[in-house]
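Colleague: Here the structure of chain A is known, so what remains is to put chain B in place on it, guided by the hints.
In case you want the letters, here they are:
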Amino acid sequence: MTPALSISHLRKVYRSGTVAVEDVSLHIPEGEFFGFLGPNGAGKSTTIHCITGVAEPTSGKIEIFGIDAVKNYREARRLVGLCPQEFNVDPFATPRQIVDWMGGYFGMNAKQRKERIDYLIERFDLIPHQKKQFRELSGGLKRRVVLARALVNDPKLIILDEPTAGVDVELRRVLWRYLTEINKDGRTILLTSHYLEEVERLCRHVAIVNKGRIVREGTKDEIAGGPGGLENAYLIATGAEPDHVAGQ
Amino acid sequence: MWRGNKMNQPMGTNWIGLYTMMRREAQRMARIPIQAFVAPWISALLFIFIFGFVVGGRISQIGGHKYLEFVLPGILMMNIINAAFLQASTAVYFSRFIKFVEEMLVAPLSYVEMIIGSVSVVVVRATVTGIGILLMGMAFGATQIVSWPLFIFWVVSVSTVFGFLGIIIGLWSKSFEQLNMPVVFFLTPLSMVGGVFNTTAMLPDWLRWLAWANPFFYFINGIRGAMIGFDETPPGLGIGFTLVLLAVLGVWVWRLYSKGYGLRE
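First to last, the sequence lines map onto chains A and B. Using this note's numbering, read the first sequence as starting at 5 and increasing by one per residue. Using this note's numbering, read the second sequence as starting at 741 and increasing by one per residue.
Errors might be hidden in some of the hints.
Across the chosen pairs, the derived CB separations fall in these ranges [claimed, not checked]:
| id | chain 1 | residue 1 | chain 2 | residue 2 | range |
| --- | --- | --- | --- | --- | --- |
| 1 | B | K999 | A | K215 | 22 to 32 Å |
| 2 | B | A987 | A | E174 | 50 to 60 Å |
| 3 | A | Y182 | B | I774 | 57 to 67 Å |
| 4 | B | R995 | A | T6 | 30 to 40 Å |
| 5 | A | T22 | B | I838 | 16 to 26 Å |
| 6 | A | A244 | B | V988 | 52 to 62 Å |
Far from chain B by the CB rule (all over 12 Å, computed), these chain A residues [unchecked claim]:
| id | residue |
| --- | --- |
| 7 | K16 |
| 8 | W180 |
| 9 | S197 |
| 10 | P231 |
Calculated directly from the structure, the hints in this document are not laboratory data. A virtual CB, placed ideally from N, CA and C, is assigned to each residue, including glycine.
Isolated chain B, as found in the complex:
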């Protein structure tokens, strides 16, 4: 018989609780497979068709690569960003809206465990989405992986960055309208102008600074470097920037949890 009342024993990491959070979100994700996976895969397939067979043939090579090879890493990264952000923001907002977030608040879970539990599922969803697109690209002979460690770094770190951002927005939002605002006004525009379809060299001089100031440029450029070896930034710049962003957002999310922002009354 279960006796959960071991008094005065300090708790270590609640591994089962952490695993339960992941299991629960995975079960929720399994209820929406079309939204979670099929939609981004179909959208990527359409991009491959248009840029591979319709537009691609009319555009000369970029950096020694076919246009589809150049574009595909960006499409993959855009979908990873969307998947990560939507998973984190909707999971947090929905749990607040229905109030079942209280199940976690009354349980012996630390803030760090709650954050890791949320973000790990984000990484899983984004990775599955990314691998699906990668396999499609490989099936059409449109991509390769030059560096697996770098590819894994970019998938995991960028999905974690947008997982953190999704959590912040999920905690801040007071309506579904607010929840969608960042996607409409920031995520989609910044990723579109973040170098998915063009190099910075293709931009007029006066516009180049805008590309360099766009954080999405470093994510797209980074994964493109890992996939086809085409990298427009000095070595280490994108990785350094992403690691700093991860640290800042990680601390920010931890502060919000420990203050109970959007969670506790």
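Extracted from the complex, chain A is given alone in its bound form:
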């Protein structure tokens, strides 16, 4: 079966000479809920940027459902939804406009967009805020808008780069419920997060990246099964100081 996402020997060197991704290979089957962990600057966001077209890979191969994400980028991008870490949004636009424009970019006609936007705006409790300017919203509401935007095209592969950073418990729960639901419905999800309990709760498979390389990969049970759980495995894999690691 064709994997939802296949990355082979991805390397990314920025123009400044910084090597952000040294050598990353990943194969995520369709329907997987995949946790992508690592410390700040490990290469998670750069890998995601290379998958989605925000960054140009220096070398290596990325395939989305078997489609080359560089050579056939338009076909590949139709299948992906990205919720980025930063709010890369026109601050003067309203949530409704932001989601609507994204739907338009993905080729959805007006009727399809309205139907989908109505659903997402309601699902993420944005109805009272849908006509406010984005800059007027609180951090949590902004996050909801960016999530709704990522999901407007009903993507088969959903990439969430720290989607719950800075949001309240309520939204976190709403989001967890929604992600679990769409994952059950067959959507593949790649999630990065610094909240390990979130990854433990949602993901079935985990990869830990450090200094641009995958340093540990396996099922959640394999990785979190040892003493100290996922946190301990994460600290060991990322080379944390021994006194930070449980039992040492």
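Modeller: Quick look at chain B alone, frame taken from chain A:
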């Protein structure tokens, strides 16, 4: 229910995506009507007043035309150039600065679609600006259109040329200061000395070559020919030059997009 995941079907032109880019920029433009339209119209109105009623009466006719008739096409072209350049450069730079350009990068839009989407709004803004000035000129009995096809050609082609240049500057700029540099050092001076206020025959011999070397001269002279029939260049020279410029800049912009210059990390 929307299902956008049609696998393995090659994409044709993303017409809805293209239209969305235009719709989005039009909505952005609608947020700044004073900057986009009212400012150039007021400036043109002041030019009409000064050259029509203050200075114009003291200057004899040029090529059988009143001075205001001679000057107005140049004023119109200057405003088209400014509108086109500012629309393209600020739209591209602002989208990079705030990073919402990433919305387009992650979407199934080709580079050509992205470029057409940006440039078409540029042409719309420049055309609306130009038509406003044309109507003002007509209302004061100061202009006419000798050739509508040529008038449309000059409005569309010159706004596209400066749309491309605006995109290049918008991609290159790393600050608002850099974004404004071309306007201050090139656009305003070159358009002022590009034959808006005088014919080349009015210049001393040693200075004429400068007018002929100034690309703005061909744009101003071209639209003047379309509006009042006064043309100082051999037939086809300005059109040929503009078409070559369009092709060169079009390829340049496409290369920058396909390389991700200023867009992708």
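Colleague: With reference to the structure, classify each hint as holding or not holding.
Modeller: Now the hints, each set against the structure:
| no. | hint | in the structure |
| --- | --- | --- |
| 1 | B/K999 with A/K215: 22 to 32 Å | 28 Å, holds |
| 2 | B/A987 with A/E174: 50 to 60 Å | 57 Å, holds |
| 3 | A/Y182 with B/I774: 57 to 67 Å | 43 Å, violated |
| 4 | B/R995 with A/T6: 30 to 40 Å | 33 Å, holds |
| 5 | A/T22 with B/I838: 16 to 26 Å | 23 Å, holds |
| 6 | A/A244 with B/V988: 52 to 62 Å | 56 Å, holds |
| 7 | K16 | 8 Å, violated |
| 8 | W180 | 23 Å, holds |
| 9 | S197 | 20 Å, holds |
| 10 | P231 | 39 Å, holds |
In this structure, the earlier hints numbered 3 and 7 are contradicted, and the remaining ones agree with it.
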